[in-house]
Amino acid sequence: MPVSEQNTQLPLVETTPKRRFARLLTFKDALRLPIIIWQALFFIAPLIFMVAMSFFIVRNYRMTEAFEMKNWLKMMSRDYFWDSYGLTIGLATLATLVVMTVAFPAAYTLAFRVSENTRRWAVFLLIIPFFTSYLVRIFSWYVILAESGVINAMLGYIGLGPYIMLNTQFGTIVGYMTLTLPLVIILQTLSLANIDWSLVEAAHNLGCRPWRTVFCIVLPLARTGLIIAAVFCFILSFGDFVSPYYLGGSKPPTLPILIVDTVKSGQQWPRAAVVAVVMMVTLFIVAFGGIAAAYRRRVR
Amino acid sequence: MKPDRLLKWFLYGYLGLVFVFIFSPILFSIIFSFNSDRFPTIPLGGFTLKWYKTIWQDPDVWEAARTSLVVSFSVATIATFLGFTTAYTDYRYRFKLKPLYLALILLPPTIPLIIMALAMLAWFAKIGLSGQVFSIIIAHTVLTAPFAMAIIRLRLSQMDESLESAAWNLGASQWRALRRVIIPFCRPAIISSFCLTAAVSFDEFAIAWFISGLNKTIPVVILEIVTGNIDPQVNAIGSFVFLTSMTLVIIAQMVLMTKNKTEKGKNG
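Heads up: the sequence lines are chains A and X, in that order.
For the first sequence, numbering that gives the first Met the number 0 begins at 0 and goes up steadily by one.
For the second sequence, numbering that gives the first Met the number 0 begins at 0 and goes up steadily by one.
Think of the hints as simulated: they come from the structure by calculation, not from any bench.
No false leads were slipped in.
Stretches of chain X that chain A covers, calculated by requiring three or more beta carbons in the stretch to come under 8 Å of a beta carbon on chain A:
1) 112-121
2) 138-148
3) 194-207
Below 25 Å or equal to it, Euclidean Cα-Cα: the simulated DSS-like pairs (lysine-lysine) are:
4) K27/A - K97/X
5) K263/A - K69/A
6) K263/A - K73/A
7) K250/A - K263/A
8) K125/X - K69/A
9) K95/X - K27/A
10) K125/X - K263/A
11) K250/A - K73/A
Owing to the predicted nature of the structure, the values given are computational and were not obtained by experimental measurement.
Cβ atoms here follow ideal geometry from the backbone N, Cα and C, with glycine treated the same way.
With the hints as extra help, turn the sequences into a complete structure.
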């Protein structure tokens with residue numbers, strides 16, 4: 000970046016306090032520092048404090064700062080914690096598989112089978128629900144999936160059902176899909192649209208069958224974007240408490256529900272912090288594993 | 000060519016179904032908000048406005064709406080400001096630890112809201128900021144600034160770098176060039192980021208629920224009604240929320256889209 004010779008003009012007006020302040024705080028730092036200070040105070044500090052809090056103790060309903068392993072030992076020795084942990088990982092993995100599979104044909108269509116203009120409008124439409132009240136959409140599913148709800152009423156006309164969909168894993172997965180499907184379709188579409196179509200055509204011309212083309216050419220070429228989509232899907236599902244609570248019935252609770260229950264039912268914040276730290280570590284491992292897989296040079 | 004045509008229609012149909020899945024909860028929420036049954040299903044009951052009347056007369060809802068408006072407006076302002084300064088820094092400067100600097104602002108959306116909520120709750124209690132309206136504003140700003148940064152950064156990457164240098168060479172100070180060249184160029188992105196961050200803040204419930212204390216926002220009120228029982232009131236408030244955030248998100252996208260088109264036209 001070329002920097003101008005402004006500095007040479009400064010001494011002329013140096014005496015005013017404003018200018019002195021301006022020299023003290025350079026242009027660069029004036030733009031750079033606000034976010035550093037803000038995020039250090041309100042993003043990094045809370046997270047560090049939360050990790051520290053997992054070692055605090057609660058005495059007479061009051062949290063006291065300390066450094067003890069009590070909360071960790073207690074949580075780690077409880078079966079319900081490990082049950083929740085296994086369930087949360089299982090559900091998030093299942094959701095990721097389901098969402099990635101459901102999204103793929105849609106993304107494939109958007110990337111290869113429609114005009115660029117249509118694709119732009121489709122992405123436009125998909126962005127809207129991603130930023131639109133997830134909570135109300137889940138409540139809406141609650142009514143739709145209920146035993147006497149819309150779906151069972153429709154199935155009733157053709158003599159089926161009623162099926163119980165609420166308070167089951169199925170309900171939880173529907174909720175996770177509500178949260179993640181639009182984002183995953185967008186990410187998949189973008190990564191598919193970026194691949195070199197002539198390679199796919201070459202495979203066609205050499206007699207490769209359509210299904211094989213998808214698995215041997217399209218998927219490997221779009222790998223990076225697809226893995227990133229899957230990682231996002233996992234993170235979002237893993238951290239969500241609304242779907243497993245309202246649609247899944249919360250029996251047994253997932254880790255996010257465990258945090259909510261622990262915090263809302265009393266002063267046991269340190270134990271909630273233990274759960275949160277375990278979740279963070281898990282997500283770091285998943286994210287780094289995903290990134291490593293996404294940017295690995297060769298598949299084989 | 001026949002199998003290919005079949006496949007094409009199959010894929011179109013599939014895409015249609017996926018969109019139905021994504022938009023049906025929004026649609027049903029709006030339909031049911033006018034439905035007189037306490038537990039809505041099909042066939043629909045009679046048309047009614049009573050749920051809207053109920054929320055209209057509920058002072059708690061009004062109070063929450065006021066809090067929500069104040070919060071989203073403040074969040075949008077601060078987040079867009081911080082997003083702009085970061086995007087511009089990233090655009091113009093290189094320095095040591097820049098990846099770390101970028102991670103600092105871009106990471107918050109990848110951390111589950113419930114964890115951020117717990118961390119913020121504990122930290123704000125520790126530093127004596129808990130339960131205030133501005134605690135929600137601070138927390139939401141951390142969450143939304145990355146979106147602002149991304150939108151504005153994208154816009155800056157479309158800018159001709161020589162524009163700013165030209166302003167300097169013509170004698171503009173750095174601040175002046177920023178104000179007269181960079182900001183006008185980024186205006187659509189700034190408007191867009193303002194709307195989008197406002198929408199995200201307007202809908203966020205986990206952090207707000209944990210740290211808001213008595214200053215409930217609209218999503219927190221919804222969460223509390225939903226936890227109690229099935230109440231079609233939620234559909235009425237929900238329709239209002241959908242309308243607000245959808246409008247904001249649509250404006251955010253339109254502003255960016257139309258601007259891009261006109262510029263493409265100019266260039267060729």
